[in-house]
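Visitor: Here are the chains, one letter per residue:
There are 2 protein chains.
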Amino acid sequence: MHVAVIGGTRGLGNWIANFLQEKGCQITLTGRNSIVGEDIANKMGVLYTSDNIQAASHANVVIIAVPIEFTSQTIKEVAPHLQEGSLLVDVTSVKELPAETMQKYAPPGVEVLPTHPMFGPRIRSLEGQVIVLTPQKKGKWYPKVLELLKLERARILETTPEQHDRMMSIVQGLTHFAYIAIASTIEKMGVDIKESRKFASPIYNLMLDMVARIVAQNPYLYYSIQTQNKYIPEVHQTFLETFQDLKSMISDENQDEFVKAMSSAAKHLNDLEASLGRSDKAISALNAEVTHLKNSVGMEVGLRHMYSGKVHLGILESLSPDFVILKENNRTVKLKLSNIEVLSGEELKSWKTGNLPLKKLDVSVVLPETSQPELISRVIRSIEGVVSSEVKDVYYGGQIPEGKKSITFTYQVLSLESMERVQELLTGFGGIIR
Amino acid sequence: MHVAVIGGTRGLGNWIANFLQEKGCQITLTGRNSIVGEDIANKMGVLYTSDNIQAASHANVVIIAVPIEFTSQTIKEVAPHLQEGSLLVDVTSVKELPAETMQKYAPPGVEVLPTHPMFGPRIRSLEGQVIVLTPQKKGKWYPKVLELLKLERARILETTPEQHDRMMSIVQGLTHFAYIAIASTIEKMGVDIKESRKFASPIYNLMLDMVARIVAQNPYLYYSIQTQNKYIPEVHQTFLETFQDLKSMISDENQDEFVKAMSSAAKHLNDLEASLGRSDKAISALNAEVTHLKNSVGMEVGLRHMYSGKVHLGILESLSPDFVILKENNRTVKLKLSNIEVLSGEELKSWKTGNLPLKKLDVSVVLPETSQPELISRVIRSIEGVVSSEVKDVYYGGQIPEGKKSITFTYQVLSLESMERVQELLTGFGGIIR
Chain G
1 MHVAVIGGTR
11 GLGNWIANFL
21 QEKGCQITLT
31 GRNSIVGEDI
41 ANKMGVLYTS
51 DNIQAASHAN
61 VVIIAVPIEF
71 TSQTIKEVAP
81 HLQEGSLLVD
91 VTSVKELPAE
101 TMQKYAPPGV
111 EVLPTHPMFG
121 PRIRSLEGQV
131 IVLTPQKKGK
141 WYPKVLELLK
151 LERARILETT
161 PEQHDRMMSI
171 VQGLTHFAYI
181 AIASTIEKMG
191 VDIKESRKFA
201 SPIYNLMLDM
211 VARIVAQNPY
221 LYYSIQTQNK
231 YIPEVHQTFL
241 ETFQDLKSMI
251 SDENQDEFVK
261 AMSSAAKHLN
271 DLEASLGRSD
281 KAISALNAEV
291 THLKNSVGME
301 VGLRHMYSGK
311 VHLGILESLS
321 PDFVILKENN
331 RTVKLKLSNI
341 EVLSGEELKS
351 WKTGNLPLKK
361 LDVSVVLPET
371 SQPELISRVI
381 RSIEGVVSSE
391 VKDVYYGGQI
401 PEGKKSITFT
411 YQVLSLESME
421 RVQELLTGFG
431 GIIR
Chain W
1 MHVAVIGGTR
11 GLGNWIANFL
21 QEKGCQITLT
31 GRNSIVGEDI
41 ANKMGVLYTS
51 DNIQAASHAN
61 VVIIAVPIEF
71 TSQTIKEVAP
81 HLQEGSLLVD
91 VTSVKELPAE
101 TMQKYAPPGV
111 EVLPTHPMFG
121 PRIRSLEGQV
131 IVLTPQKKGK
141 WYPKVLELLK
151 LERARILETT
161 PEQHDRMMSI
171 VQGLTHFAYI
181 AIASTIEKMG
191 VDIKESRKFA
201 SPIYNLMLDM
211 VARIVAQNPY
221 LYYSIQTQNK
231 YIPEVHQTFL
241 ETFQDLKSMI
251 SDENQDEFVK
261 AMSSAAKHLN
271 DLEASLGRSD
281 KAISALNAEV
291 THLKNSVGME
301 VGLRHMYSGK
311 VHLGILESLS
321 PDFVILKENN
331 RTVKLKLSNI
341 EVLSGEELKS
351 WKTGNLPLKK
361 LDVSVVLPET
371 SQPELISRVI
381 RSIEGVVSSE
391 VKDVYYGGQI
401 PEGKKSITFT
411 YQVLSLESME
421 RVQELLTGFG
431 GIIR
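Protein sequences appear in the order of chains G and W. For the first sequence, position 305 (counting from the first letter as 1) is numbered 305 according to full-length UniProt numbering, and the numbering increases by one without interruption. For the second sequence, position 363 (counting from the first letter as 1) is numbered 363 according to full-length UniProt numbering, and the numbering increases by one without interruption.
Chain G extracted, bound-state conformation (with noise of 0.2 Å):
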């Protein structure tokens, strides 16, 4: 399956694009700037054009990945040259104007579907990832999308453009502009953030964390996001007359009217209880997480950074609240708390099996001829260090004496401290190694 990614040299474009790739799709990418498409292209492996046309009017599916200012210029570009029952997907944060768009510039026998990735480059999988679709028109190409989707555990939203739009000028357009105007306010008041997390309960400190969040990413994207969705300037407009209010109320010291607002809007968010639990379980995985390293002082522990995936396995020397240093092999390395997660004593074993090297054995050993061969291999396979364990041979006769036998396992462990485990078990309960 030929797929082209417009704008895919960057950004989700590009996740997307290796995401197909692996899924054992032919890409072409094409991107604005060819000296960079080529690189990116090349290193993919995968093809790169600068020609939008030539690359849609080729493929089987168009992806549309512009940002959002040019979407529809691209797609006014692109969507005639696509061939008969091919797939046009824009994946733009709003959904009336590009579904709009490619319903009127598409040719007749082209699917279209509009869809947006609620999530950004960052994630490393599908799992749990919500994607809203909202197509207008349902062909063969759908229920092919929903099954890939769902293969991937992504959680899949089928909505109207409109009522997407509507939703997105609550979620973008009033939470994340007012957390925009927060941090804008705190800069503007030259509060030290520092100095107020130190002031602050843990929620304070998700709070400004989520914040953050926010106003780290792409300005433009943001801006373009909240001058597209015709729905946000009345929210907005609504937004400022309540702050307005709430202010006048306090201002003039109406307590009344300040909790008969207050406890309506907590009465229309319902069942608050839920979501009292879910942020003290926020807090309480962080905190437990430190709590946990705190503890392993000296002791090894695997550390996953979270973006690279990349695993380091060594022993935990200190723990500042930012940092955390670790001797790996030889070297020191210094990793921010903030960017690695803790494997668990599972997950610790179940890498070290598959990323470290496994040595392979073979031990004999004499025991009563009434012991059972899978039992014991059992019980070697539950050996810290011990990744495999098999009976390869159970032998009687010969120089055996009566009343014994002579069981060969062969095992594959992480070190020789677990070989010296194995045979201590093995002669522990009497048994005579050969």
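Hints were generated in silico from the structure; no laboratory data involved. It is possible that part of the hints are untrue.
For identical chains, the list gives no copy identity; a pair is met inside one copy or between any two copies.
To be verified - 35 Å max Cα-Cα, derived DSBU-like pairs, lysine-lysine:
id: 1; residue 1: LYS43; residue 2: LYS349
id: 2; residue 1: LYS260; residue 2: LYS43
id: 3; residue 1: LYS138; residue 2: LYS194
id: 4; residue 1: LYS327; residue 2: LYS150
id: 5; residue 1: LYS336; residue 2: LYS349
id: 6; residue 1: LYS76; residue 2: LYS104
id: 7; residue 1: LYS334; residue 2: LYS188
id: 8; residue 1: LYS360; residue 2: LYS404
id: 9; residue 1: LYS198; residue 2: LYS267
id: 10; residue 1: LYS294; residue 2: LYS140
id: 11; residue 1: LYS198; residue 2: LYS260
id: 12; residue 1: LYS360; residue 2: LYS327
Here the structure of chain G is known, so what remains is to put chain W in place on it, guided by the hints.
Guide: For chain W alone, kept in the frame of chain G given last:
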């Protein structure tokens, strides 16, 4: 030590009373409603009086924990009656006015400690909680308070009442107030919250949870905090102007100004990467829990209620977005997902050991005389459901064949299944159970 908690019948005051009672203090509560007050005091096994002055004049430590709007008048009422050498503490969310009032009305020889515990009465321990102390003159009590709080692993922040109130004008006057305005706007726009959550990324869901968390607080307390902190009006005004400016940049399509404002606010927040990491982790912890539960259907799980601490142990029957259904003993229990934490394997084992009835068993086994009783006892201890194991006796001769010995282990199990596993282990290695 006699402690009077003025306003100790409810909320944080009552939490403090319970906490200090556990530490061995003799507590007297006061509160406006004497029927409620006597009832609570009876249940706690402490004293109650409706007479603040009487309570304060007989105590070594007096803690003012009345609602913020009554703090000043209560201080004026009780402070003059404190004993020489006693300690006067308030726990109000603003600090300048209470600090001034206490200093002015307490007789010489009374130590004053204006305090702001940055948590509510929902917490189960002080560990990791922030407590702001704003002493103006430290006396003999101060090191004792510090020592107590450090033992509880609270995070102590010492500052001035003014600096405290300035920072709180950001934490509560800006962040919390903007959240209330967001919630109120959502209500005015008539947005269906459940519907909007479907459209939303996990981060938006956590944002909504934080908004819900704030509006779920006591509106009278919030009103008082907003009106009693003198730095807040300026913060409100700055936010209003900032939001208005940003809104105009969008409606005037002034991209440059918007991008400049957002980038500059982001830069001021600094260390955005850490914020991204921490908020990603918070979300990933919430997701990981759900994934773990999904994989545990049909299996035994231990679920701890987040606020009561009660542990439910049973077979996980099913899982919906909001609830888990657990088969606990012979009844079916429906628990709200947001209110429970999943116990880890280790936590579960340790809970079972402490809470389920244990069976103490003996087993005698004949094994080769080279076998090592202590090592075998360790292997027995590692069997699922076995809580302890010790070597009771080692015996040669008599009915024991040559070259063999009989070892008796005493071990404790949670269920008879584990007894079978112990026997399987011993016979599996060729032992003969006597």
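Visitor: With reference to the structure, classify each hint as holding or not holding.
Guide: Against the structure, the hints come out as follows:
1. LYS43 to LYS349: within (33 Å within a copy, 50 Å between copies)
2. LYS260 to LYS43: For LYS260 and LYS43, only the inter-copy Cα distance (34 Å) is at most 35 Å; the intra-copy one is 60 Å.
3. LYS138 to LYS194: This pair counts as between: shortest inter-copy Cα distance 26 Å, intra-copy 52 Å.
4. LYS327 to LYS150: between (41 Å within a copy, 30 Å between copies)
5. LYS336 to LYS349: both (23 Å within a copy, 33 Å between copies)
6. LYS76 to LYS104: within (9 Å within a copy, 75 Å between copies)
7. LYS334 to LYS188: Intra 34 Å, inter 49 Å, cutoff 35 Å: intra-copy only.
8. LYS360 to LYS404: Both. Shortest intra-copy (26 Å) and inter-copy (33 Å) distances satisfy the 35 Å Cα cut-off.
9. LYS198 to LYS267: both (32 Å within a copy, 19 Å between copies)
10. LYS294 to LYS140: Only across copies: LYS294 and LYS140 sit 32 Å apart there, 55 Å inside one copy, limit 35 Å.
11. LYS198 to LYS260: So LYS198 and LYS260 pass the 35 Å test inside a copy (32 Å) and across (28 Å) alike.
12. LYS360 to LYS327: Within one copy, since 27 Å is at most 35 Å while 44 Å is not.
Hint violations for this structure: none, all hints satisfied.
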